[in-house]
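The opening residue of the sequence shown carries number 1 in our numbering; numbering runs sequentially from there.
Simulated from the structure, these hints should not be mistaken for laboratory data.
Honestly, I wouldn't trust all of these hints.
[As the list claims (entries may be wrong)] With a straight-line Cα cutoff of 27 Å, these simulated BS3-like cross-link-like pairs (lysine-lysine) come out:
(1) 254 to 244
(2) 394 to 216
(3) 216 to 79
(4) 240 to 254
(5) 350 to 240
(6) 291 to 79
(7) 292 to 53
The model shown is predicted, which means the values in this text are computed figures rather than measured ones.
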Amino acid sequence: MSSPQQQENTSPDSKEEESRHLLTAPLPQSTSPLINGDADDGEEEFVYGSGEKIHVVEFDSVPIDGVDYSTVPPFSWKKLWQFTGPGFLMSIAFLDPGNLEGDLQAGAIAGYSLLWLLLWATVMGLMIQLLSARIGVATGRHLAELCREEYPRWAGLLLWFMAEVALIGADIQEVIGSAIAIKILSRGVLPLWAGVLITASDCFLLLVLENYGIRKLEAVFAVLISTMALSFAWMFGDAKPNGKELLAGLLIPKLSSRTVRQAVGVVGCVIMPHNVFLHSALVQSREIDLKKKGQVQEALNYYSIESSFALLISFMINLFVTTVFAKGFYGSEQAGSLGLVNAGQFLQDKYGGGLFPILYIWGIGLLAAGQSSTITGTYAGQFIMGGFLDLRLKKWLRALITRSCAIVPTIIVALIFNRSESSLDVLNEWLNVLQSIQIPFALIPLLTLVSKEDIMGTFKIGPALERVAWTIAVLVMVINGYLLLDFFVSEVNGPLFAFLVCAGTAGYVAFILYLISHGGGNVANWFNLLRTKGYSYAGQ
1 MSSPQQQENT SPDSKEEESR HLLTAPLPQS TSPLINGDAD DGEEEFVYGS
51 GEKIHVVEFD SVPIDGVDYS TVPPFSWKKL WQFTGPGFLM SIAFLDPGNL
101 EGDLQAGAIA GYSLLWLLLW ATVMGLMIQL LSARIGVATG RHLAELCREE
151 YPRWAGLLLW FMAEVALIGA DIQEVIGSAI AIKILSRGVL PLWAGVLITA
201 SDCFLLLVLE NYGIRKLEAV FAVLISTMAL SFAWMFGDAK PNGKELLAGL
251 LIPKLSSRTV RQAVGVVGCV IMPHNVFLHS ALVQSREIDL KKKGQVQEAL
301 NYYSIESSFA LLISFMINLF VTTVFAKGFY GSEQAGSLGL VNAGQFLQDK
351 YGGGLFPILY IWGIGLLAAG QSSTITGTYA GQFIMGGFLD LRLKKWLRAL
401 ITRSCAIVPT IIVALIFNRS ESSLDVLNEW LNVLQSIQIP FALIPLLTLV
451 SKEDIMGTFK IGPALERVAW TIAVLVMVIN GYLLLDFFVS EVNGPLFAFL
501 VCAGTAGYVA FILYLISHGG GNVANWFNLL RTKGYSYAGQ
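Please build the complete structure, drawing on both the sequences and the hints.
Here is the structure:
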C-alpha cells in the first residue's frame, strides 16, 4: 500500500492511466458451468440474445437531434405487425386441453347459461396478462428474475418450487390431452402411453424452431391456433346452436346452485400460473430502448392491442366448444359423464359422420391444443427455472431438463391412470386443485412488483388500476379457494389426513400473507397498518 506522501505525489497522468486500467479489467467469472455456460457458445443468453431479438424497423437505433423520445409516435400498422406474436403464444394457455374439458363440461351441464362468465373471465385474464407484459417491457426482465432479486433467497426458492409444481400439473393435462387426440386419430392403435412419448418429443421441435428465429416459432403457433379455430368452428357449424339462447347466455348473468362447480371451473381455468411468468419474458423478444419512454409506451400499446386480439380469438374458440356441447348434451343423461376421453365418441354418436367425421375434427382440434400448449409449457419452464435459479444453460440442455421435469411424472401418471375413464377424471380433479393452489404465488408477486416505483419507474400502475387488479386477483383466489374447500371436504377422510391438510393450509396462508406484507405498494402498506393496529389492540 502506498503512503499518503506517495499518493500525494502521484501525477494526474498516472491516476488517469490507473483508472483506465481498472475500467478495462475483466470482471471475475464463476467457475460453475451452470452460471456461465460455455464461453465459446453464444447460447448462454437466457431470455433473448441481441441477435435473436426482432428489430423494429421504425425504431431509430441512433439518437437524432431534435427528436422527442418521451412522446409516443402515431399508430402504425407496420409496427403492430412487428409486435404481433407474444400475445398469441400467451393465448395458448386459454386453449389447453384442461380448458377445453372445462368448456365441454360447462356446456353439457349448464347449457348456455355460463357464457357471460366465460366472457368476463377472459377479460379478467387479459388484464392480468397485460400487467405481466407491462412488467417485462418496462424493466427488461421477466417476472421470475425479478422475484429472485426482490425476495429473500428462501422465499424465491419456494416461489420457484410452486411455479414448477403448477407447470408440471398443467403439463400433465396437456400431454395427456395430446395423447388422447393421437389415440382418436390412430383409431386406438396407439395407446395413451405411446401418445405421451410422441408428445414428449415436442421439446426437440421447439429447439429446431428456435434455431430458425422467433418469428418462425410464432408462425407455427399461428398455424396451430388456426387449426383449432377451423376445427371447432366446423363443429359449431355442424351443431347449429340456438342463436337467441347463445346471445342471452352472453348478455344475461345467470347462476344456479347446480352449476356453481362449473362456474368455478370456468373462472379457475383463466389464470394459469406459468402463463403469467411466460408472458413477461415473451415480450422481450423485440428490441426496445428502455431509456426512451416513448418507445416503451409505444411497445406497451402495441402489445395491448395484439394480446386483446389474441384473447378474442381464444374466447371465440372456447365459445364454439361450449355451445357445441350445450346444444348436443345439455339436459341429457350423458351430460355428467362427459370428459376429454369420451367426448369425441359422444359427438360422433350425436352428430354423425357427415362429409368429414366429427370425431376426427374433434381429434385434430384437441391435438393442436395439446401440442401447442406443451411446447409453450416447455418454453415457460426454461424461463421459470433460469430466472429463479439464475441458470445459464445451452438451449438443448435447458429444454431437456425442463421437459424431463414434467414428462417423467406424466409417463408414470399415464401408465397408472390408463385403466379407466373414471380414473382419468379423478386425476384431472386433483390436477385442477394442484394448479389452483399455486395461483396466489404468481398473482401476488406480479401485482406487488408492478406497483413499485423503484422497479417500474414511471410505468408503475396507478392507485385506481392497482385496486382493480387486486380486486380481480382476490376474486380469482376466493373462487379457487371455494374449489379447494369443496374438494377437500369431499375427499379428506381420517384424522391424520385432516391434520396434514390443516397444517399445510396454515403454512400456505402464512406464506401468502408474507408475500403481501413484504411486497410494497398500497396494499402492503394497508395490510401492515392493519397488522400494527391488531398488535396494539392485543397489547391493551
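Do the hints match the structure? See the list:
no.: 1; hint: 254 to 244; in the structure: holds, 15 Å
no.: 2; hint: 394 to 216; in the structure: holds, 20 Å
no.: 3; hint: 216 to 79; in the structure: holds, 18 Å
no.: 4; hint: 240 to 254; in the structure: holds, 23 Å
no.: 5; hint: 350 to 240; in the structure: holds, 13 Å
no.: 6; hint: 291 to 79; in the structure: holds, 19 Å
no.: 7; hint: 292 to 53; in the structure: holds, 18 Å
In terms of the numbered hints stated before, the structure departs from none.
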